[in-house]
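The sequence shown begins at 1 in my numbering and counts up by one.
The reader is advised that the hints may include incorrect statements.
[Claimed, not checked] List time: in silico BS3-like cross-link candidates among lysine-lysine, alpha-carbon distance up to 25 Å:
1) 444 <-> 357
2) 444 <-> 843
3) 434 <-> 512
4) 107 <-> 32
5) 357 <-> 107
6) 444 <-> 106
7) 434 <-> 444
8) 512 <-> 451
9) 444 <-> 415
10) 843 <-> 856
Simulated from the structure, these hints should not be mistaken for laboratory data.
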Amino acid sequence: MPVHTKNTESADAESAVGASQQQPQQQSQQRKFVYDFSEGNKDLKDLLGGKGANLAEMTNLGLPVPPGFTITTEACKAYLESGEAPAALRDQVSEHLAALEQRMGKKLGQADDPLLVSVRSGAKFSMPGMMDTVLNIGLSDESVHGLAAQSGDERFAWDSYRRLIQMFGDTVLGIDGERFAETLDATKSARGAVTDVDLTADDLKELVGKFKAIVSEETGRDFPQDPREQMDLAVRAVFDSWNGNRARLYRRQERIPHDLGTAVNICSMVFGNLGPDSGTGVAFTRDPASGQQGVYGDYLQNAQGEDVVAGIRNTVPLADLEQLDKASYDQLMQIMETLENHYRDLCDIEFTIERGKLWMLQTRVGKRTAAAAFRIATQLVDQGLIDEAEALQRVNGTQLAQLMFPRFDSNGGLKDADQIGWGIAASPGAAVGKAVFDSYTAIKWSRSGEKVILIRRETNPDDLDGMLAAEGILTSRGGKTSHAAVVARGMGKTCVCGAEELEVDTKRRCLKTQDGRVVEEGDVVSIDGSTGKVYAGEVPVVPSPVVEYFEGRMHAGADDADELVKAVHRIMAYADRVRRLRVRANADNAEDAARARRFGAQGIGLCRTEHMFLGERRELVERLILADTEDEREQALGALLPLQKGDFIELFESMDGLPVTVRLLDPPLHEFLPDITELSVRVALAESRKDANENDLRLLQAVHRLHEQNPMLGLRGVRLGLVIPGLFTMQIRAIAEASAERKAAGGDPRAEIMIPLVGTVQELELVREEAEQVIAEIEREHNVELGLSLGTMIELPRAALTAGQIAECADFFSFGTNDLTQTVWAFSRDDVEASFFTAYLEKGIFGVSPFETIDKDGVGSLVRSAAEAGRATRPDLKLGVCGEHGGDPESVHFFHEVGLDYVSCSPFRIPVARLEAGRAAAQQRVSE
């Protein structure tokens, strides 16, 4: 009977790595698919994955790495494309396995002295816990006795065997891991054991029998006893795990390409579960949460590595290892210093101590919080390990945005907060939400608009969906290197781990405090990822110190300045020095403009004048729409003119000396009228009471007259200005008069008039001709030269395709990428994001929403060609972007690449755009 594997209905042992194929693949036979650890280096991550490349690098540095070899990502990609391993792979694996056996002096699964190996995934980019690992490959009913004899520890041998069956059953055979966990818990309960290490050899031997029975019951065959079959099936499971749901979800979240594949590392086993002189741990060369230098990490005696990451047993701080095993501790400190100096960055290290002998199992550039990223970057500059340009590449706009989130108010509400627990500060930030105890509920409530805190005993990779949906994560087990902590830090989520005094009951959906209080599902809790404190109820939050710095209320040079603020200031200053792109703000009023300027805006790239017609002014727009005669229309426009002028005066004053791009009225007029259904009901009710309102009747007629099936493609933008006499003229006059008054007052207004939704140069020519007449008239009246420029938004495909013609009549282009994305994709953003976008993301059609990050191949191609065509016609044509893509980190790099002059975004995203513009320029310098 075949073994049932996780991703196929059935497979025999030969069908995985080692299938001999009927028709040999000539090309694959000539390629090298397997590398010994001594053959690679850290620069081969594309081929060997991050783990394999770094194991090779540590081997080359002479560090104590268990011998082994790596199956390349090319083998994985070939397998995923064809469903079969490359023909040459089996022989290459056999060759390297034989060399490993010769070096170790024993064979895989040898009955009297077995060589055991681990099979671990290792993609180019770190994906903690998202793919599969199997330890102790090679153990069987025979070889377990040989391991017991060689180690002199029968308990250790049976514990290793039960771990293999448990991991293999879950990872390779697709058996629900809860079946093994429940059986283990039942055995511990029956024996009165608190932890796994309290079980005796006989207990574990009995447990192995129960685990094997589960395998037989679930798969219809016995647990595989052939060690090569175990290894081949495990490799296949690792390959398949690349396309597992949790791995694909993580890659979408982290924007990792789906076509990279994973390498597989086959490494001789070293054991941390041989007794109190053995153990396993994870170390960081600096604190990944704060960036502070020191000894950081977790250690667990008499355990294997998965115990630390899973958080099943609580660890001790790494510093405690000095008292437990000083020689290993001292050697580890030396290795940590070597690795940090070699990689010139924070290193994340996994190690095992086997009976007093230290072994290095993995290193990588460690994930870190946003705050740690900025601190570490500047520390490494001060240590002379990197320069400022490299420091700029060590941080990104997403991290900066995280630093701008609020935190708990330590001077106000925090004093009166009801603290119910205290854990490990695993990932900083302030998170408030309703308590939920499983991922399904977290997702469901989040989609309903609720903010939730996901509470678990410990998380595992299957909880990723819920972690993404939650505001923060709280676990009662695990440390700074547990799954919850590592993943939360990578996602920028607030996390508190190892809150041992809180008893989490996932079945009853509650947690109990030490004093007997109960927090039920739905109760509000607050967690502080910077201190590890847990509170009942909602704790008030205050702005972050980074926001206070950008607002100008905190100075980086002050003696009491926050260390994080100093780090942010240094990196932002360098980004501003090297960037080419200027950064403007999307702002519609003086208050937003002033804040944008404090945040570093170099002007306004989009002032939406329609926002000036809301509130009490809506009635004036209604009068304009209802006007039956030219006199009525002139009166309505005359009433709007001074209001518009006053708005522009305030705006120009707040941005004095900087450009302000004013977009003339863009949305369809029906948006300024009452809802057709609400108005119809109102009129009908009035008529039934014989109390009809003449104005309501006229409004209803106007609503029906202006009603469109697709108003966003109807009468809006430049079409309004051409169809409704005097509308654009009034706005242009208001801009010109405001500019003249500001100049008279000693100001330096720099207004730019932008015509929206132009699709053909003839539309722009007509509006420009009228605008120039109005501007000339104002200049004569005030005896001043205003220097106003006129341009257009490029937000329609036709405008982009005829940009060369349009540039003949435009002083500038501003790409309206929101509408351009809608028209290129034929998407109504409000409709599609609520209907099928989630499905498109899940199916991989989108890696990320095209409204979030510019679609380079489609929308981006039009931006690039329009920029080139416009500049070919008019070399001095100013180019910018005013869609929200202007504040998206990845999009900013694209806009730099295609040669735009500026990006414009909401005020809060200005620092992000500034930083990314600097990073883009620095990257270009390196590539050149």
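Consistency of the hints with the structure:
no.	hint	verdict
1	444 <-> 357	violated (49 Å)
2	444 <-> 843	holds (20 Å)
3	434 <-> 512	holds (15 Å)
4	107 <-> 32	holds (24 Å)
5	357 <-> 107	holds (22 Å)
6	444 <-> 106	violated (53 Å)
7	434 <-> 444	holds (12 Å)
8	512 <-> 451	holds (21 Å)
9	444 <-> 415	violated (33 Å)
10	843 <-> 856	holds (20 Å)
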